[in-house]
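Could you slot chain B onto chain A? The hints should help.
Heads up: the sequence lines are chains A and B, in that order.
Numbering-wise (my numbering), the first sequence opens with residue -15 and increments by one.
Numbering-wise (my numbering), the second sequence opens with residue -15 and increments by one.
One or more of the hints may lead you astray.
[To be verified] Calculated pairs, DSSO-like style, for lysine-lysine (alpha carbon to alpha carbon, straight line, at most 27 angstroms):
| no. | chain 1 | residue 1 | chain 2 | residue 2 |
| --- | --- | --- | --- | --- |
| 1 | A | K227 | A | K36 |
| 2 | B | K58 | A | K399 |
| 3 | A | K275 | A | K227 |
| 4 | A | K395 | B | K71 |
| 5 | A | K30 | A | K144 |
| 6 | A | K240 | A | K227 |
| 7 | A | K57 | A | K271 |
| 8 | A | K394 | B | K51 |
| 9 | A | K271 | B | K58 |
| 10 | A | K394 | A | K306 |
| 11 | A | K144 | A | K57 |
I should point out that these hints are in silico values taken from the structure, not numbers from a laboratory.
Here are the chains, one letter per residue:
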Amino acid sequence: MAVLNRMDWYDLARTTNWTPTYVTEDELFPPLMSGNFGLPQNAWEKYDEPYKQTYPEYVKVQRDKDAGAYSVKAALERSRIFENADPGWKSVMKAHYGAIARGEYAAASAEARMMRFSKAPGMRNMSTLGCLDEVRHGQMQLYFPHEHVSKDRQMDWAFKAYDTNEWGMIAARHFFDDIMMTRDAISVSIMLTFSFETGFTNMQFLGLAADAAEAGDHTFANLISSIQTDESRHAQIGGPALKVLIENGQKAEAQKRVDIAVWGAWKLFSVLTGPIMDYYTPLEHRKQSFKEFMEEWIVAQFERALTDMGLDLPWYWDIFLKDIAETHHGMHMGSYFWRPTVWWNPAAGVTPDERAWLEEKYPGWNDTWGQCWDVIIDNVVDGNMAMAYPETLPYVCNMCQLPILGTPGKKWNVKDYPLEYNGRLYHFGSEVDRWCFEQEPERYAGHLSIVDRFLAGMIQPMDLGGALAYMNLAPGECGDDAHNYAWAEVYRALRATKKAS
Amino acid sequence: MALFPITSNFEGDFVLQLVAVDTENTMDEVAAAAAHHSVGRRVRARPGQILRVRRQGSEECFPRSMKLGEAGLKPTETVEIIWEAPKH
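So that you can see chain A by itself, here it is in the shape it has in the complex (with noise of 0.2 angstroms):
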């Protein structure tokens, strides 16, 4: 029997939309859920995917990526790459798969809220294969880690991190949640396809593709190369649902969705995906700068796809196009002077190669971060510990909920932005966060962040150990220099030479 090609039936196959007769369309699709935008379900007929694929395609496919993904991963699992790799490169996995790993299960969950409420049978159909997609994330990004569970036990926080009040995890937990555990299925499509997805996630799976591949680690780079393949399908879930809104006067909210979802994820990436590329990478193996990665990846495809769009560039642009260069170096310093609230160990990246290298990247880094900095390095050189440990806690935004801070040095500019709401002081890290949280204030009101929660009793005792114990961050867990401070042994050197001379 002859069979059809695909694209003679697969519109057809997918026109899954009917009239309902017994129920009324809202309680079909409850507007909660579905993000009707007060448009009618023909409207969302129109919506058409730019990447079609059918439900037996789908599996042989991925059958392909598994089995390529998974006997990469048995033909190396002898091969010591995890023993012999550099501690920083220890600390880039540990980092992405506690930061990543259950956030794909939970984002299986947002593609199974397009799949069941979307009003576009086309988004239905993306979005069941997209739902697998992450369930398959989910699974391989702890399988992966989980052999080296019993050689250090950071590597259970890939598993664990999700759970805790670990004060990243707050931070992630609140940005996913935003966008796209409590919106509904339109808003998903743009907030976690579009603006996360096909603005960010390049970045880190790109970037770190090629980054593990130098750092010889095959396993991970075929891992991540593997998620990477499923991201740019489902990412363009949202584009369709973008031009529907578009073509039926909804510009404004789904420009706002964007921008607030875009400011969020490089809130994200700049604590997460900065330090790992400009600190933590072996400087052998860096092959650009964060930001120049960020302006070839992020920007410049990002304004792309937004301008081909018909969206606008987000009002932000300009500061978010100064901050790339600037906000990642201070998250750096703060989750290493913070170190032992992280669950990987943070490696300092600042010996005097490691310095000149930022300091051609990014023009006055000596004079701006470099200068705290110094007093660190002493500190550790002269083995005054004490001093390079924090005994308070950095203020944290209300709305991205990480540290609020600036570039320090000669050219300190670092300021709050605060905002009275309801006899409730909220502060903020910058301009862009605060409007965020403005656009819906109940939406965000009532969450606590780490420092909220720590004046309001809920950490004790009200000291390092009882910010651990909150933080489900147990001994032999928490973070420490990657290096175990070898490389202070270069600037004792450096000590010693001009004393002798």
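For chain B alone, coordinates are given in the frame of chain A:
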């Protein structure tokens, strides 16, 4: 006397920090409490200079002997801790 949290924005440092002070503390004592978390950790001491406290965005510092409770600050409000060279 009451414990009072402020947010310290310390000149030359990179991050805001929570600092526990008391409404009876003078502004010099507030500055010293903030300095404990910045100076010698990420900011170099500046011998001969003193530290002043001002509301964020204000050009004018609070009087050094003013008590925190008299400054009209809200709990967790951000104050800037600024280096000041001695006046000759």
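Within 27 angstroms, alpha carbon to alpha carbon, are K394(A) and K306(A)? 17 angstroms, holds
Keeping to a limit of 27 angstroms between CA atoms, is the pair of K30(A) and K144(A) held or broken? 42 angstroms, violated
Do the alpha carbons of K227(A) and K36(A) lie within 27 angstroms of each other, as the hint requires? 17 angstroms, holds
Hint check: K57(A) vs K271(A), CA-CA at most 27 angstroms. Holds or violated? 25 angstroms, holds
Need the status of pair K240(A), K227(A): alpha-carbon distance at most 27 angstroms? 15 angstroms, holds
Holds or violated: are the alpha carbons of K144(A) and K57(A) at most 27 angstroms from each other? Judged against 27 angstroms, a Cα distance of about 22 angstroms means the pair holds.
27 angstroms Cα cutoff - pair K395(A), K71(B): 24 angstroms, holds
Is K58(B) within 27 angstroms of K399(A), Cα to Cα? Holds - the C-alpha atoms of K399(A) and K58(B) are around 17 angstroms apart, at most 27 angstroms.
Holds or violated: are the alpha carbons of K394(A) and K51(B) at most 27 angstroms from each other? 30 angstroms, violated
Can the restraint linking K271(A) and K58(B) be considered satisfied, given a maximum Cα separation of 27 angstroms? 48 angstroms, violated
Is K275(A) within 27 angstroms of K227(A), Cα to Cα? Not OK: K275(A) and K227(A) at ~31 angstroms, beyond 27 angstroms, violated.
In the structure shown, a violation is registered for the earlier hints numbered 3, 5, 8, 9, in ascending order.
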